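So the sequences go chain by chain: B and E.
Each residue of the first sequence is one higher than the last, beginning at 1 in our numbering.
Each residue of the second sequence is one higher than the last, beginning at 1 in our numbering.
If you are wondering where the hints come from, they were derived from the structure by calculation, not from laboratory data.
A few of these clues could be false.
Pairwise CB distance ranges (calculated) [to be verified]: (1) Arg98(B) x Ala91(E): 46 to 54 Å; (2) Thr69(B) x Ile70(E): 28 to 36 Å; (3) Arg98(B) x Ser133(E): 20 to 28 Å; (4) Asn5(B) x Glu72(E): 28 to 36 Å.
The structure displayed is predicted, hence computed values, not measured ones.
Virtual Cβ for every residue (Gly too), placed ideally from N, Cα, C.
Chain by chain, the residues run as shown.
Protein chains: 2
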Amino acid sequence: MSEQNDPFLQVLDRYAAAVGDKDVEGFLSIYGEDVHIFDVWDTWSLQGKAAWRDVVSDWFSSPEKLVVTIDEARSTSSTDLVVGHAFIRYAAISPDGRELRSVGNRLTQVLRKTDASWSISHEHSSVPIDHSSTRAIFRRATAV
Amino acid sequence: MSEQNDPFLQVLDRYAAAVGDKDVEGFLSIYGEDVHIFDVWDTWSLQGKAAWRDVVSDWFSSPEKLVVTIDEARSTSSTDLVVGHAFIRYAAISPDGRELRSVGNRLTQVLRKTDASWSISHEHSSVPIDHSSTRAIFRRATAV
Numbered sequence: 001m002s003e004q005n006d007p008f009l010q011v012l013d014r015y016a017a018a019v020g021d022k023d024v025e026g027f028l029s030i031y032g033e034d035v036h037i038f039d040v041w042d043t044w045s046l047q048g049k050a051a052w053r054d055v056v057s058d059w060f061s062s063p064e065k066l067v068v069t070i071d072e073a074r075s076t077s078s079t080d081l082v083v084g085h086a087f088i089r090y091a092a093i094s095p096d097g098r099e100l101r102s103v104g105n106r107l108t109q110v111l112r113k114t115d116a117s118w119s120i121s122h123e124h125s126s127v128p129i130d131h132s133s134t135r136a137i138f139r140r141a142t143a144v
Numbered sequence: 001m002s003e004q005n006d007p008f009l010q011v012l013d014r015y016a017a018a019v020g021d022k023d024v025e026g027f028l029s030i031y032g033e034d035v036h037i038f039d040v041w042d043t044w045s046l047q048g049k050a051a052w053r054d055v056v057s058d059w060f061s062s063p064e065k066l067v068v069t070i071d072e073a074r075s076t077s078s079t080d081l082v083v084g085h086a087f088i089r090y091a092a093i094s095p096d097g098r099e100l101r102s103v104g105n106r107l108t109q110v111l112r113k114t115d116a117s118w119s120i121s122h123e124h125s126s127v128p129i130d131h132s133s134t135r136a137i138f139r140r141a142t143a144v
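Let's have the full structure, built from the sequences with the hints guiding it.
Structure follows, in structure tokens:
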């Protein structure tokens with residue numbers, strides 16, 4: 001499937017663009033009203049766009065520029081359901097263009113087609129845990 | 001959808017039974033040959049049943065009895081694609097029946113229908129990370 005026709009890749013493009021612009025409403029426009037989220041941070045699960053808006057508004061209030069990079073995006077589709085997974089890297093950039101820090105995530109998204117457009121109905125993002133130390137691993141061994 | 005007709009609930013039942021029996025081949029029988037896994041532990045991703053067999057064989061070699069409990073399982077389906085998510089709790093039980101320890105996970109599974117049967121094509125399991133301490137959170141605030 002070409003990128004032009006893959007709803008997952010199209011959603012990832014809109015995701016990355018909205019994060020780069022810190023555009024809360026543009027970001028939320030790719031999510032369904034009743035979205036269910038297993039987010040990497042703090043909470044076991046979130047339900048509904050209002051709860052997600054609170055998290056995203058807080059995230060986008062940071063002073064640094066945010067840059068999203070996607071790697072190894074793969075999707076599988078049916079008529080009205082698409083599932084994709086990818087590696088995603090979030091970098092914080094200073095006003096003078098230096099990368100201050102970054103974190104990698106694994107990302108799974110489920111898209112449903114409603115009214116001829118696709119929106120995210122379920123999202124699961126995480127980092128793996130080192131079994132011996134029980135500490136989070138924020139970077140892949142290979143570069144994202 | 002009744003449990004009898006929901007492929008996700010059927011797969012979860014087989015998952016829990018195989019863990020309880022420490023039945024490596026029974027457990028692997030619910031996964032597709034080319035399964036892609038974002039596991040909670042150690043690795044950023046795994047691809048293929050052979051890689052997953054190594055992880056599962058090691059897991060099932062523990063001396064304690066393992067008990068799986070599922071909560072809040074929800075699924076969405078299309079003709080040949082089902083996606084489900086749930087909370088899952090793993091408890092280690094001593095030979096005299098005491099619970100030695102437990103850990104909770106968030107679980108997302110993608111099932112594909114091939115040759116009239118369903119198998120897992122993608123699995124994502126994780127725990128959330130506390131943002132201030134960057135430590136893993138292994139228990140839900142509410143009991144699983």
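Query raised in the report: How does the Cβ-Cβ distance of Arg98(B) and Ser133(E) compare with 20 to 28 Å: does it lie in that range?
Result: 26 Å, holds
Requested in this report: Starting from the range 28 to 36 Å, see whether the pair Thr69(B) and Ile70(E) falls in it by beta-carbon distance.
Outcome: Given a distance of about 35 Å, which is inside 28 to 36 Å, the answer is holds.
Query raised in the report: So the hint says 46 to 54 Å: do the beta-carbon atoms of Arg98(B) and Ala91(E) match that?
Result: 47 Å, holds
Query raised in the report: Cβ-Cβ distance between Asn5(B) and Glu72(E): within 28 to 36 Å?
Result: 34 Å, holds
Hint compliance for this structure: no hint is broken.
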